[in-house]
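A.B. asks: Sequence:
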Amino acid sequence: MHWISSLIILAVFNQARSSGVFELRLKSFVNKFGKDSAGQCCSGERTDPCTGPCRTRFRICLKHYQVKIDTTSPCTFGDVITPVLGDNTVQLSDSKREEFKNPIRFNFDFTWPGTFSLIVEAWHDNANTTGVGDKTLITRLTTQQWLDVGMEWHEEEDKSSHSALSYEYRVMCDEHYYGSGCANLCRPRNDQFGHYTCSPQGDRVCADGWQGDYCTKPRCAPGCDDLHGHCNKPNECLCHNGWKGPLCDQCERYPGCLHGTCQKPWDCLCNEGWGGLFCNQDLNYCTNHKPCRHGGTCFNTGQGSYTCNCPPGFTGTDCEKEIDDCAHQPCLNGGSCQDTGYGYTCECPKNWHGTHCETSTQTCDDQPCENGGSCEDTPTGYRCHCVPGYTGIDCDHQIDDCASNPCRNGATCIDKVNGYECTCPSGFTG
1 MHWISSLIIL AVFNQARSSG VFELRLKSFV NKFGKDSAGQ CCSGERTDPC TGPCRTRFRI
61 CLKHYQVKID TTSPCTFGDV ITPVLGDNTV QLSDSKREEF KNPIRFNFDF TWPGTFSLIV
121 EAWHDNANTT GVGDKTLITR LTTQQWLDVG MEWHEEEDKS SHSALSYEYR VMCDEHYYGS
181 GCANLCRPRN DQFGHYTCSP QGDRVCADGW QGDYCTKPRC APGCDDLHGH CNKPNECLCH
241 NGWKGPLCDQ CERYPGCLHG TCQKPWDCLC NEGWGGLFCN QDLNYCTNHK PCRHGGTCFN
301 TGQGSYTCNC PPGFTGTDCE KEIDDCAHQP CLNGGSCQDT GYGYTCECPK NWHGTHCETS
361 TQTCDDQPCE NGGSCEDTPT GYRCHCVPGY TGIDCDHQID DCASNPCRNG ATCIDKVNGY
421 ECTCPSGFTG
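Numbering (UniProt numbering), first residue to last: 1 to 430.
By construction, these hints were calculated from the structure, which means they are not laboratory data. Do not take every clue at face value.
With a straight-line cut-off of 30 Å between C-alpha atoms, the simulated BS3-like cross-links for lysine-lysine are [stated by the list, open to error]:
| # | residue 1 | residue 2 |
| --- | --- | --- |
| 1 | Lys-217 | Lys-264 |
| 2 | Lys-350 | Lys-416 |
| 3 | Lys-264 | Lys-244 |
| 4 | Lys-159 | Lys-68 |
| 5 | Lys-27 | Lys-101 |
| 6 | Lys-217 | Lys-233 |
| 7 | Lys-135 | Lys-101 |
| 8 | Lys-68 | Lys-135 |
| 9 | Lys-27 | Lys-63 |
Construct the complete structure from the given sequences, taking the supplied hints into account.
C.D. replies: This is the structure in C-alpha cells:
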C-alpha cells in the first residue's frame, strides 16, 4: 500500500467545482487491548499483555457502489489519510487538532448516484514515519449503502473481536445546487443575464416582471401588442416603427394624410367623401360642410364644388339672401304689400279685396266714379273712365299739370283742370 506523507487531510477531488459533499464524522475508536489485525501488540512486548499503545491514524476510502467491495481498487469518490489522532482509545468528536477537520469532507462534481461503498481502516503508525513497513493495519470495516441527499446524519457502529468504531455520515448539496443528485445548478441573480431566485428544488423563479427560461425577457405592459411593440424593462411598451398608442396597436398614417385612416403603417385610406393621395380632396362638400342655408338643397357638382337649390323667398350662392317679394309692387288698386319671408300679402284699401286687391266690392250701380267720370262694369267690379284733368281708380285725383314745370323764366304756374296758367314776371309774356 502506498501512503501519502502529510499531516493534513488529502482529497482527490477538485473542490472548486463541486456540486455536493459527502461528510463522514468519526466519533470514537476503541482498541481495548492495543492489538493489530493479526492479534499482536502494536508496540512493546508482542505478547499479552500489551505494554505499549497503538499510535492510531485512519484511512478513509469512498467509492462507487460495489456489490463485493474491492479494497485494492481506486477510491473513485475520494481517499483521505488522517494524522495520528490518538492511541488505543480515541474520542474523535472532541478532537481539536488544527491539522484534522472532522467531519471529513469528500466533495464531488457529478450527480450523486444515491449509493456508495465505504472503507475505513485504522492503522498503527510507528513514530509518524512514512515507510511502508512502519505501518500496521489495526482493523478494516467495509460497507455499502443507499443514501439520499439530506441534512440528517446516519449513525453506524462497527465492532470486531478487539476494536469498535463509531461514526456517522451524510451527503449534502453545495450552495446553489439542488435536487436528489445535486445536479440542478441555480444561482440567484439580478443582472443582464437573469432576474430570478431559486425554488427548493432548484428551479428558477422569475422576479416580478420577467419571464423566459433564464428570466431575461421582460414582461411588457399589460395589453402591449406582441407583434408591434416590445420592452426593455418590465411594464414598458415601446412601439415598432409605424405603430403608436399606449399599447402599440394603432398604425401610423402616411405623413400628410388629412381625412383618412390606416390598417397598416403608412396607409392613407380615405374617409367617405374624400379622395386624393392625402385624402384632402372633398368629394362630398355638401355632407361635410352643409353650405346651403334656410333649408336649401345642396348638390355636389365636383371636387369641392356644389350648387344650392333655394326655397321660395331666398336666393344667393348659399341661399343666404332673402328675396323682397314686394319689390315688384304686386298689390293693385292702392293695396299695401307686406313681405312675409316666404312670399307677401296685400292689405287692400276700402272697397277692394283679392290676393292683389284686384277685385272691387262696388259696381257701377254704386256710382263710384267722381268728377264726371264714366263707369264700366267689369268681371272684377268696375272701371272708371276719367275726364281730362282727373285720374285715380275713382277719378278722384286732379292731375297736377304744373308738375312738369311748364312755366319758364321764373313764371309762377297755376294748376287748372286739364291745364295750367303761367303768371309771367315783368318783362316776359306768353
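A.B. asks: Does each hint hold? Answer for all of them.
C.D. replies: Evaluated hints:
1. Lys-217 x Lys-264: Status holds; Cα separation ~27 Å.
2. Lys-350 x Lys-416: At roughly 29 Å apart (the allowed maximum being 30 Å), Lys-416 and Lys-350 satisfy the hint.
3. Lys-264 x Lys-244: The given pair, whose Cα atoms are some 11 Å apart, holds under the 30 Å limit.
4. Lys-159 x Lys-68: Holds, at about 20 Å.
5. Lys-27 x Lys-101: At roughly 12 Å apart (the allowed maximum being 30 Å), Lys-101 and Lys-27 satisfy the hint.
6. Lys-217 x Lys-233: 8 Å, holds
7. Lys-135 x Lys-101: Judged against 30 Å, a Cα distance of about 22 Å means the pair holds.
8. Lys-68 x Lys-135: At roughly 26 Å apart (the allowed maximum being 30 Å), Lys-135 and Lys-68 satisfy the hint.
9. Lys-27 x Lys-63: Between Lys-27 and Lys-63 the Cα gap is close to 21 Å, so the pair holds against 30 Å.
In this structure, none of the earlier numbered hints is contradicted; all agree with it.
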